[in-house]
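Asker: Given next are the chains, with one letter for each unit.
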Amino acid sequence: MNLREISSLVFIVWLGLLLGAVLKIVAYDNILTGGVGTYILTHAAPELGAENIVTSVLLAYRGLDTLGELTVLFVAITAAGLVLGQRRTDAPSDSDAGFILRTAANLLFPFLIILGTYILLQGHFSPGGVFQGGAILAAAFFVPILASPASPLHHRVSRLVEGLVVATFMIICLLALFSDDAFLALLLGKGSVSQLFSAYSLPLLHIVIGFQIGTAFAGILARLQETEASD
Amino acid sequence: MTESAGIIILSYCGAIGLILLGVFAMVMYRHLIRIIFGLMLLEAGVNLFLITIGYRANAVAPILVDGQIPAAAMVDPIPQAMVLTAIVIGVGVQALALALVVKTYQAYRTLDTQELAQKLAKETGVDIIEGTPVYLPSPLAAHKQILEEKST
Amino acid sequence: MIIIGNIFILIGTAFLCLGALGLVRMPDVYNRIQAGTKATTLGALSVLLGVAFHHPDWLPKILLIALFILLTSPVASSTIARAANRAGLRPFTIPTNVSEEK
Amino acid sequence: MLFWVALISVVVMLGAAFAVLFLENYLAATAAISVVSLALSVLFFVLQAPDVALTEAAVGAGISSVILALTLRRVGLWRIETHKDKQ
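Chains as they are written, first to last, in the numbering used here: chain A, 1 to 231; chain B, 1 to 152; chain C, 1 to 102; chain D, 1 to 87.
Misleading hints may appear alongside valid ones.
What the hints assert, rightly or not - Okay, the calculated bits of chain C under chain A, using three or more residues with CB under 8 Å as the criterion:
no. : stretch
1   : 34-41
2   : 61-75
Stated by the list, open to error - If you only want the chain A side, here are some residues facing chain C, beta carbon under 7 Å, derived:
no. : residue
3   : G16
4   : I100
5   : L101
6   : A104
Stated by the list, open to error - Beta-carbon label-pair distances, calculated as ranges:
no. : chain 1 : residue 1 : chain 2 : residue 2 : range
7   : C       : L18       : D       : L7        : 19 to 25 Å
8   : A       : S179      : C       : A83       : 42 to 48 Å
9   : C       : D57       : D       : A69       : 38 to 44 Å
10  : C       : A87       : A       : T42       : 47 to 53 Å
Hints are computed from structural coordinates only; laboratory data are not their basis. Glycine residues also receive a C-beta, built at the ideal position from the N, C-alpha and C atoms.
Can you build the whole structure from these sequences, using the hints too?
Answerer: Rendered as structure tokens:
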């Protein structure tokens, strides 16, 4: 027990007391009456035609934040890929994962793609959206790699998809800039509530950002799996 | 005490417990993977804390039913959107940290921070003793030192 | 309808509980796979059937979920068993002196 | 009703978080951190945040654990405890 550990424990006790003080000041039966939250709750559906208010905050009201968040994710994943390095051609790859897993992976792949796209597309009128659907798409692309390690993810293709997707996103934003007068403003019509093609360009943005997140996660998973035996 | 108040107290306690366990793991363990476990726990606790701040008593989820605003109050949607991005950013940061861990293991063959400090001290000639303030050598001086060692 | 659905959900949760108990009580990996996969698959399908009795309009989604469970659960158990076999885990056997006493 | 769900999920979550810190085997700790994420997603659902619950279940319990497990394989900590027969 040296000085560092003792001071750390004192710090932890202090932090616990500090956070525990929240329990004394929290109001248990309050209803939201003012502020941005109330404004968005009452205005999101008439303004946007989107039923899922969280998604409309994410992509319409705070769309610029999401753009910055995508940049952070892209930089983090790219840096991780750079640190891990390229696949060595002489590295011994894993042996085959067996007949059952391969067949099941082939069967599962289209189902997972459909599920991911469905969750992406219906994000503006029910729970779901870019991050959930992107994660499922990444899992869909990772399952075949697990099943047969000899056929790796084509990084060139995934990078191409990522670039195309980001370019589409920027084109949508810039079209808004030229047609309307604001960057990232929403295009197309409002449509009727709880239809697939409604809520301006939210479904389009869902597909675009979802595929970007999916390719990013699939890329880092494949990089970790591929460069395995190279040390 | 109503049911909502009980839920709020429980989730605050869970969030505080997760944050404290995460900080404990980050400061008390010496193994890098354990430190990353602590980071993940801390992140989960902070997310739960934010969501609990947005929760309102007897409220429903911020999703309309059939295009109608429901009669009951809805919870605050803004912390939920922020946490949604925070979870994904957290996994990106974790992937970067784990990639650095892999590279550290490839370079030094150990993940224990004390052994790492000893190996670094042997390499750069500067002692990093646990429990005292760490004076990292400036990169230029360390580089010069390594060059001198190589030349001699 | 609601009562039939509740009965199915109760049966399903009972099977899930038994599966969890088997996961704790069984002696080695292979027996645990046995408990953790078969009982859990049956339990989950039974719960889904109960939900279908509660909400008949959710039937297509429930069929899809059941298809997913039926497709993934056996594959997962076979993959775990294969991995355990390749990691060199031997199946649990009763030690010989004990079996002689019986 | 919801209170009991919240109570069970908080207890499971904190128990799994303790297990993460005190389990010797790193693979078991990874499984425990996945359990923490799942209980957390149940708690998010109780707190009326279904979007966040879906994301936590897909990203936190799925992709994050896979990344951790692959890293454990890279750094040589991938150990399955072998069953020793006690004669």
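Asker: Any CB of chain C closer than 7 Å to the CB of I100(A)?
Answerer: Nearest chain C Cβ about 5 Å off; hint holds.
Asker: Examine the stretch 34-41 of chain C: at least three residues should have C-beta closer than 8 Å to a C-beta of chain A.
Answerer: With 0 residues in contact (Cβ-Cβ under 8 Å with chain A), the coverage given for the stretch 34-41 of chain C is violated.
Asker: Is it true that A87(C) and T42(A) lie within 47 to 53 Å of each other by Cβ?
Answerer: 58 Å, violated
Asker: With a cut-off of 7 Å, does the beta carbon of G16(A) approach a beta carbon of chain C closely enough for the hint to hold?
Answerer: Because about 32 Å separates G16(A) from the closest Cβ in chain C, which is outside the 7 Å limit, the hint is violated.
Asker: For S179(A) and A83(C), compare the CB-CB distance with the range 42 to 48 Å and indicate the outcome.
Answerer: Given a distance of about 55 Å, which is not inside 42 to 48 Å, the answer is violated.
Asker: A closest beta-carbon separation below 7 Å is what the hint needs, so does L101(A) meet it against chain C?
Answerer: 5 Å, holds
Asker: The stretch 61-75 of chain C covered by chain A? Criterion: 3 or more residues, Cβ-Cβ distance below 8 Å.
Answerer: holds (count 4)
Asker: Taking the CB of L18(C) and the CB of L7(D), does the distance hold inside 19 to 25 Å?
Answerer: Since the Cβ atoms of L18(C) and L7(D) sit about 23 Å apart, the hinted range of 19 to 25 Å holds.
Asker: Hint says 38 to 44 Å; check whether the CB-CB distance for D57(C) and A69(D) agrees.
Answerer: For A69(D) against D57(C), whose Cβ atoms are near 40 Å apart, the range 38 to 44 Å holds.
Asker: Using 7 Å as the Cβ threshold, decide whether A104(A) counts as touching chain C.
Answerer: With a closest approach of 4 Å, the A104(A) hint holds.
Going down the numbered hints, you'll see the structure goes against 1, 3, 8, 10, while the others check out.
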